[in-house]
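A.B. asks: Protein chains in written order, with the working numbering: chain D, 620 to 820; chain S, 799 to 1367.
Simulated from the structure, these hints should not be mistaken for lab results. Wrong hints could be hidden among the right ones.
Within a straight-line C-alpha distance of at most 20 Å, the following computed DMTMM-like cross-link-like pairs (lysine to aspartate or glutamate) qualify [claimed, not checked]:
#, chain 1, residue 1, chain 2, residue 2
1, D, 668, S, 1010
2, D, 683, D, 739
3, D, 735, S, 1117
4, D, 744, D, 789
5, S, 819, S, 1213
6, D, 775, D, 815
7, D, 683, D, 815
8, D, 744, S, 1117
9, D, 775, D, 789
10, D, 775, D, 739
11, D, 668, D, 815
12, S, 1013, D, 696
13, D, 744, D, 727
14, D, 683, D, 789
15, D, 702, S, 897
16, D, 775, D, 666
17, D, 683, S, 1010
18, D, 683, D, 732
19, D, 683, D, 782
20, S, 1314, S, 1213
21, S, 1313, S, 858
22, S, 963, S, 858
23, S, 819, S, 832
24, S, 1013, D, 682
25, S, 1013, D, 694
26, S, 1013, D, 711
27, S, 833, S, 844
28, S, 963, S, 897
29, S, 1013, D, 666
30, D, 775, S, 1010
31, S, 841, S, 855
Covered stretches of chain S (in silico footprint by chain D; criterion: 3 or more residues with CB under 8 Å from a CB of chain D, positions within the stretch not fixed) [as the list claims (entries may be wrong)]:
#, segment
32, 847-861
33, 919-933
34, 978-988
35, 1014-1025
36, 1116-1125
Far from chain D, some chain S residues (derived; all Cβ distances over 10 Å) [claimed, not checked]:
#, residue
37, 823
38, 832
39, 900
40, 1079
Predicted model, so just to flag it, every value in this text is computed and none were measured. Where a beta carbon is used, it is the ideal one built from N, C-alpha and C, also for glycine.
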Amino acid sequence: MLQHIRPAIMMIVLMTILTGLAYPLAMTGIAQLIFPWQANGSLITRDGKVIGSALIGQNFTSEKYFHGRPSATTDTDPNDASKTIPAPYNADNSGGSNLGPTSKALVDRITADTNKLAAENPGTKVPMDLVTTSASGLDPDISPAAALFQVPRIAKARNLPPERVRALVEAHIQGRIAGFIGEPRVNVLALNMALDALPAT
Amino acid sequence: MTLNGWLQIALYCVLLTLLVKPLGGYMTRVFNGEKTFLSPALKPLETGIYRLCGVREAEEQHWVTYAIAMLAFTFAGFVVLYGLQRLQAVLPFNPQHLDPVAPDLAFNTSVSFVTNTNWQSYTPESTMSDLVQMAGLTVHNFVSAATGIALALALIRGFARRSAKTVGNFWVDLIRCTFYVLMPICIVAGLFMVWQGVPQNLGAYTAVTTLEGGKQLIAQGPVASQEAIKMLGTNGGGFFNANSSHPFENPTALTNLLQMLLIFSIGAALTNVFGRMVGSQRQGWAIFAVMAVLFLAGVATLYASEAAGNTLLAHLPLDHAAGNMEGKEVRFGIANSALFATITTDASCGAVNTMHDSLTPIGGMVPMLNIMLGEIIFGGVGSGLYGMLLFVIVAMFVAGLMVGRTPEYLGKKLEAKEVKMAMLGILILPLSMLGFTALAVVIPPGVSALANAGPHGFSEALYAYTSATGNNGSAFAGLSANTPFWNSTLGLAMFIGRFLMIVPMLAVAGSLAAKKIVPVSAGTFPTDGGLFVGLVVGVILITGGLTFLPSLALGPIVEQLAMHAGTTY
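Starting from the given sequences, assemble the full structure and let the hints guide the process.
C.D. replies: Right under this line is the structure:
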């Protein structure tokens, strides 16, 4: 029994140094050297200011922007630290709704959101990802169908011809890798930045 | 379900199968102490560690000594990890100035990481400093995985050796596994992930003003280095709360594919190590086949259920072909979410790229059942193989009863002691899973943590104790588990699930190693063919079915019926 004490303690100390410090620090060094942009969070700048990360979704509510998926992230209530309040796309507290399929709260929320969106674009089926919260609450993407669904609203709000907005969406669709891996998607932040950059007509 | 979805699942299966032989061959050489292409670089480091620790490389251990060494090492790791969390406020690498972790949470987290569970009752990005993430959690991602693999090797040696007193040297197995197997793969996989967008830095979180003028605080850190070992070691503890669904942990379909391969790679390759060590790779492939059958059944069920979607929404003007997208990410879609959820619970990983709490009832039952069966489908690194071999012993016992012969496996007679110990190892799991669930759903401190009402609330509790006992770590995450009651009972469940299974298993290893080999005769049951595969699958399903069906009927099965009847809670 006693002969195990020295190896047990020495092993945990050495492992902490080698796998807990040397390994992550060496990886940080190499990553910073060869992939500095990715290693620092794929940050995007506009006019010299950091406006977000290419990988992290943002909360869009204005009529003039494409909206991302509903987000279930929360934040601490500033008035009462024991409570939480909804805070969509809180990148400091990722997470999903965790509502089960038979939850009344889930069915009510999806019903209300679907009816609202159906009124905005009558006759078109509402894309599923526009009314369901993502797993991380930070999903940067929507499906191509969800982007195309919003074209009429954007065109009206920005006073642009719908076909120009549609062409912009189509240019931003990222297909499956090698034709079959993953799902086709549109990065909402990139699309909205391109929308802002469109010359006015 | 779509053709494209099945193509992606097929691609995964092909890549995994291709990995088995090369990785299995390499690991066999490493654990036999033979020279490998990394030896010139790593041998000096290895001998240096032995010298510093006072370990004699050539000295082998009896199974009891092996078990004591493993327990002593785990206990030392537990103490250090607990201390780091309690003291994080005064230690370096704490850019967000986080407070010390509360005692019950620090206890739960320490048990969780030393048992390879990685259950997380907390939100990592707002609870754990970079130092705890690296020097605490990442370390145990390595060593708890290496410990699991070492234990599987002890059992394999039990089958492979004849009339032997020893099963290997725990310290040597631990070091070789960490530095020859886990770390090289992690360095390559981690850098691939960085290339795809996973951050790796030590800076403070980035505060930005968004396009619409809102504020966003973007949490970051040394993510990629932890991500690689989190998957490879089937640990599963995320750097962020949303785990592998977070775009920083799993940014693309390629990182997703890599992560799924990492989870199964060692578990699958160990079947080959087993085959090589007992002298017939076919024996390894037979075990692989048992695992593959159960894996495919799980994927097909989960995928079908998620693709069919939530029938409570059927009357709405939605594009129902998209399936159940609640709690899923667009870049993964239904197929890659279903595949990931099956893999992470077949293995004892517990990383998630979709929120299991929001799966359809039958979809959510598959992960639960995978864990209940003992995570033997490729399984946790090491623990999957030794769990599966316990089932094989029971299956051989059943076969022996049918023909009235003393059962044997690989030339070893399986006698009362081995069968009793195997049954003990298998039965300890349902005792903890079902016992704690029964307690939690009748007392107020248990019930108050449930987020969903009705049968889904019961499923949350059942999933929690199943996951903890199975050392999985995934959750129906609506559960508010960060309370003294849940932290301590889940901590106990994780402890029971790990060590009360390991000790009988090592007893089997020691007892088998001491046996002679019985020559093959006409009456020997062939253990490398289809009949054997069918028999083992049957024993696993019957054992699991009889034990867990009543509890599943109260949770997911009744919820599925309620969903079709249009009931909400």
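A.B. asks: What hints, given by number in increasing order, does this structure fail?
C.D. replies: Violated hints (numbers, rising): 5, 16 and 28; every other hint is consistent with the structure.
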